[in-house]
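Novice: Each chain, letter by letter, is given below.
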Amino acid sequence: MATKQANETLAPTRTFSARLARGLREPSRSFIITFIVVVLLAFFLSPLLRITLNSFKTPSQVAELGTPLYPAKARVVEYQGKEYEIYKVPFAEGVRELALYKKGRATSEFIDPANLDAPPIVWTGAWRSLDRAWEFAPTLTNYQQVWDLLDYPRLMFNTIALAVIGTFGTLISNILVAYGFARFRIPGKQLLFTIVIATVFLPEAVTLIPTYTFYVKIGWIGTWLPLLVPAFFANAFDIFLLRQFFLTIPREMDEAAKVDGAGPFRILRSVILPQAWPAVIAVGIFHFVYAWNDYFAPLIYLSTRPDLQPISVGLARFNSIYGNKPELTQAGTILTLIIPVIIFIFMQKFFMQGVVITGVDK
Amino acid sequence: MNSFKELLTIPRLKPIARREALQGLAFISIWFIGFFIFTLIPMLATLAFSFSNINLAQEEALRFVGFGNYQKMLSDSSLRNALGVTLKYALIALPVGLAVPFAVAVLLNNKHLRAKGFFRVMFYLPYVIPFVAGIFAWGGLLNPEQGWINQTLEALGVQNPPGWLNDPLWVYPSLVILGLWGIGSAVIIYLASLQGVPTELYDAAKVDGAGWWATMRNVTLPMMSPVIFYSLVLGIVGVFQYFLVPLVVTDGTGRPGGATMFFNLYMYKTFFTFQNMSYGAAQAWVLFILILVVTIFLFWSSKYWVYYAGETREG
Chain A
7 MATKQANETL APTRTFSARL ARGLREPSRS FIITFIVVVL LAFFLSPLLR ITLNSFKTPS
67 QVAELGTPLY PAKARVVEYQ GKEYEIYKVP FAEGVRELAL YKKGRATSEF IDPANLDAPP
127 IVWTGAWRSL DRAWEFAPTL TNYQQVWDLL DYPRLMFNTI ALAVIGTFGT LISNILVAYG
187 FARFRIPGKQ LLFTIVIATV FLPEAVTLIP TYTFYVKIGW IGTWLPLLVP AFFANAFDIF
247 LLRQFFLTIP REMDEAAKVD GAGPFRILRS VILPQAWPAV IAVGIFHFVY AWNDYFAPLI
307 YLSTRPDLQP ISVGLARFNS IYGNKPELTQ AGTILTLIIP VIIFIFMQKF FMQGVVITGV
367 DK
Chain B
29 MNSFKELLTI PRLKPIARRE ALQGLAFISI WFIGFFIFTL IPMLATLAFS FSNINLAQEE
89 ALRFVGFGNY QKMLSDSSLR NALGVTLKYA LIALPVGLAV PFAVAVLLNN KHLRAKGFFR
149 VMFYLPYVIP FVAGIFAWGG LLNPEQGWIN QTLEALGVQN PPGWLNDPLW VYPSLVILGL
209 WGIGSAVIIY LASLQGVPTE LYDAAKVDGA GWWATMRNVT LPMMSPVIFY SLVLGIVGVF
269 QYFLVPLVVT DGTGRPGGAT MFFNLYMYKT FFTFQNMSYG AAQAWVLFIL ILVVTIFLFW
329 SSKYWVYYAG ETREG
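Top to bottom, those sequences are chains A and B.
Counting in our numbering, the first sequence runs from 7 upward without gaps.
Counting in our numbering, the second sequence runs from 29 upward without gaps.
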């Protein structure tokens with residue numbers, strides 16, 4: 007009894023000191039872990055940063071060594087009708103930014119941009135060892151050039167058209183099939199569903215040659231049909247995602263609608279869909295991004311028709327032609343990824359939900 | 029499984045039940061029609077091709093060659109190399125593909141981390157970037173002379189930084205790095221399932237005096253095993269079919285020195301460059317069977333290491 011009492015009186019002090027210790031430790035722990043994640047993220051996204059910066063640089067800045075990471079141009083000053091480059095010149099009293107006026111091997115003459123009329127300043131040392139003074143100067147010419155060279159409006163139209171039509175087909179077909187799996191008592195349904203899911207493991211290569219040959223026979227090569235028609239027949243991933251979501255919607259509401267004489271389409275439209283829109287949006291944006299990303303199918307089916315190709319194929323072709331002009335290919339890369347990234351930033355909530363439904367409920 | 033027989037019971041159902049079943053079948057038939065047209069029939073046609081001599085490059089009378097194409101694979105050294113390339117890549121890509129998203133998820137799940145939502149979105153972001161764009165973005169970073177990675181290594185005093193994509197050995201880690209932008213989805217899945225581990229289990233582990241590693245090994249990993257299993261299966265299926273990235277990086281040439289001539293790339297070359305349809309078809313079926321065998325093995329093995337909460341564990 008006595009020991010218990012002692013414990014009780016001790017307990018608050020212990021938790022207080024523990025809380026105090028934690029209170030002191032917590033911010034620094036938060037700082038360390040957040041710092042680690044920031045560094046990781048910086049590495050993870052550094053390619054994006056690099057191409058963004060490079061896409062605003064002039065070709066000469068990309069090619070030259072020792073230039074800043076950001077788009078910049080060397081600062082110059084005009085003096086007596088001629089341009090002189092500005093260097094960072096070290097003196098005993100500190101570094102001064104001066105324009106190189108007369109180059110010499112052992113000594114050079116500089117002028118002060120702030121005071122051009124003053125006599126030239128003589129500096130002893132090799133001017134080649136000096137750092138230039140830079141100023142932030144992004145250029146848009148790469149984008150202007152790529153816009154035309156890549157035929158960007160054309161590619162963008164093709165990509166958006168393919169993505170929109172394909173998304174439309176994907177939504178209609180998958181909603182219907184998922185509804186069939188989620189809401190109807192069908193003998194043997196479990197096996198049928200297992201067959202659907204099993205197709206996730208099928209390698210595409212095993213269907214490619216006959217399909218390709220068949221498309222050649224019926225004249226679909228060089229058209230959008232091989233890319234669009236299959237989207238109208240649903241696919242395992244989206245069926246799974248939508249079915250999982252439909253199953254969480256209480257059945258009582260369907261039954262009530264049924265009693266009121268609603269048919270299956272009516273129930274789907276007025277009961278299921280209004281409650282399933284997060285999953286529907288997820289499927290839609292996943293397909294949209296997939297279509298934007300699709301490379302191989304458009305490559306093989308549209309190789310003869312560059313005017314019908316989407317942007318990923320166009321970008322790869324552009325890179326094989328202009329590979330030696332990184333500032334152009336990087337501007338092209340930015341133009342390719344910018345729209346999916348913008349869509350993602352606005353729709354990220356639905357992306358996350360969709361991933362969780364397919365990935366975790368398995 | 030009697031399920032096929034169950035389908036045959038539909039005509040004998042009571043009218044209301046029969047109507048429901050037929051309506052349901054009408055809805056799901058959309059998928060099955062597509063499956064027959066775009067998957068099953070072409071698959072069987074591929075099988076039929078593989079026993080024939082269809083070859084667009086040389087016109088020969090069509091005939092049945094039995095297992096000739098399959099025998100040819102056994103003596104084809106380029107094919108053996110391609111399989112070796114795929115395996116070498118898989119040995120790096122699979123562990124990295126499992127561990128990196130897992131580690132990122134564990135970090136993002138840390139209770140001391142600030143701005144969690146922001147980081148979660150940022151690690152997912154590159155997943156939506158078209159992979160062709162991703163390749164060119166990382167390709168610049170990995171550039172041996174001008175890339176930031178080698179410039180950083182040189183600044184740190186590394187004498188001969190790797191040639192990355194130009195080096196027959198470093199090309200595999202480079203391709204794995206190029207693939208890192210696809211981890212977003214796995215991170216979110218791991219994160220969601222980490223958050224789904226009941227806190228009672230962690231409390232119990234703490235009471236038992238378990239440290240970080242013991243908790244990870246005995247609580248977190250077993251509870252996460254279904255998701256790890258799911259990632260592993262999809263990862264293996266994906267790695268067997270890997271070829272798009274090397275196709276874009278090397279224009280399908282397999283450089284440096286054939287180091288990126290993956291099994292699938294070789295197969296597509298057999299179709300589209302050599303136009304040897306029957307031989308390509310045989311390769312496709314071998315690939316299919318390989319994937320099937322590995323997947324079946326994984327599902328069989330899962331009962332020994334995958335823990336499904338709520339089910340009794342056998343053995």
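In case anyone wonders, no lab produced these hints; they're calculated from the structure.
Mixed in with the good hints there might be a few duds.
Calculated cross-link-like contacts (lysine-lysine; reagent style DSBU-like; alpha-carbon spacing at most 35 Å) [stated by the list, open to error]:
1) B/Lys139 to A/Lys264
2) B/Lys297 to A/Lys223
3) A/Lys88 to A/Lys109
4) B/Lys297 to A/Lys355
Computed footprint of chain B on chain A, listed as stretches where at least three residues anywhere in the stretch have a Cβ under 8 Å from a Cβ of chain B [as the list claims (entries may be wrong)]:
5) 46–60
6) 127–141
7) 148–161
8) 254–266
Label pairs and their computed distance ranges (CB to CB) [unchecked claim]:
9) B/Val128 to A/Glu103: 23 to 29 Å
10) A/Ile178 to B/Asp279: 35 to 41 Å
11) B/Gln303 to A/Glu258: 20 to 26 Å
12) B/Asp279 to A/Asp137: 47 to 53 Å
13) A/Glu258 to B/Val128: 32 to 38 Å
14) A/Arg257 to B/Ser57: 55 to 61 Å
15) A/Leu234 to B/Phe64: 34 to 40 Å
16) A/Ser309 to B/Gly286: 23 to 29 Å
17) A/Tyr76 to B/Arg142: 33 to 39 Å
18) B/Arg245 to A/Ile348: 24 to 30 Å
19) B/Val128 to A/Leu253: 30 to 36 Å
20) B/Lys116 to A/Lys355: 36 to 42 Å
21) B/Arg40 to A/Leu234: 39 to 45 Å
22) B/Gly185 to A/Glu70: 35 to 41 Å
Each residue gets a CB set at the ideal place from its N, CA and C atoms; glycine is no exception.
Novice: Please go over all the hints and tell whether each is borne out by the structure.
Specialist: Status of each hint after checking the structure:
In summary, the hint linking B/Lys139 to A/Lys264 is not supported, as the alpha carbons are separated by about 48 Å, beyond the 35 Å threshold. Between B/Lys297 and A/Lys223 the alpha-carbon distance is near 21 Å, which keeps this suggested pair within the 35 Å criterion. Simply put, A/Lys88 and A/Lys109 have alpha-carbon atoms about 15 Å apart, close enough for the 35 Å limit, and the pair holds. At most 35 Å may separate the alpha-carbon atoms for a hinted pair to count; B/Lys297 and A/Lys355 exceed this at roughly 41 Å.
For the region 46–60 of chain A, the stated coverage by chain B is satisfied: 10 residues place a CB nearer than 8 Å to a CB of that chain, which reaches the threshold of 3. Counting residues of the region 127–141 of chain A whose C-beta lies closer than 8 Å to any C-beta of chain B gives 0; at least three are required, and the coverage claim is violated. Judged by the Cβ-Cβ criterion of 8 Å, the region 148–161 of chain A is not covered by chain B as claimed, because only 0 of its residues qualify and three are needed. Requiring three or more residues with a Cβ within less than 8 Å of a Cβ of chain B, the coverage given for the region 254–266 of chain A is violated, as only 0 such residues are present.
For the pair B/Val128 and A/Glu103, the supplied restraint of 23 to 29 Å is violated, since their beta-carbon distance comes to about 45 Å. The given range of 35 to 41 Å is respected by A/Ile178 and B/Asp279, whose C-beta atoms sit roughly 38 Å from each other. In this structure the supplied range 20 to 26 Å is violated for B/Gln303 paired with A/Glu258, their Cβ-Cβ distance being about 60 Å. With their beta carbons about 40 Å apart, B/Asp279 and A/Asp137 fall outside the hinted range of 47 to 53 Å.
A hinted range of 32 to 38 Å for the beta carbons of A/Glu258 and B/Val128 is inconsistent with their spacing of about 45 Å. The supplied range of 55 to 61 Å is broken by A/Arg257 and B/Ser57, whose beta-carbon atoms lie about 23 Å from each other. For the pair A/Leu234 and B/Phe64, the beta carbons lie near 19 Å from each other, so the given range of 34 to 40 Å is not met. Distance hint for A/Ser309 and B/Gly286: a CB-CB separation of about 24 Å, consistent with the stated range 23 to 29 Å.
For A/Tyr76 and B/Arg142, the Cβ-Cβ distance of about 28 Å falls outside the hinted range of 33 to 39 Å, so the restraint is violated. A hinted range of 24 to 30 Å for the beta carbons of B/Arg245 and A/Ile348 is inconsistent with their spacing of about 42 Å. Evaluation of the 30 to 36 Å hint for B/Val128 and A/Leu253 yields a pass: the beta carbon distance comes to about 33 Å. Between B/Lys116 and A/Lys355 the beta carbons are some 40 Å apart, a value that agrees with the proposed interval 36 to 42 Å.
Taking the beta carbon of each, B/Arg40 and A/Leu234 are about 41 Å apart, inside 39 to 45 Å as hinted. Distance hint check: the CB atoms of B/Gly185 and A/Glu70 are about 24 Å apart, inconsistent with the given range 35 to 41 Å.
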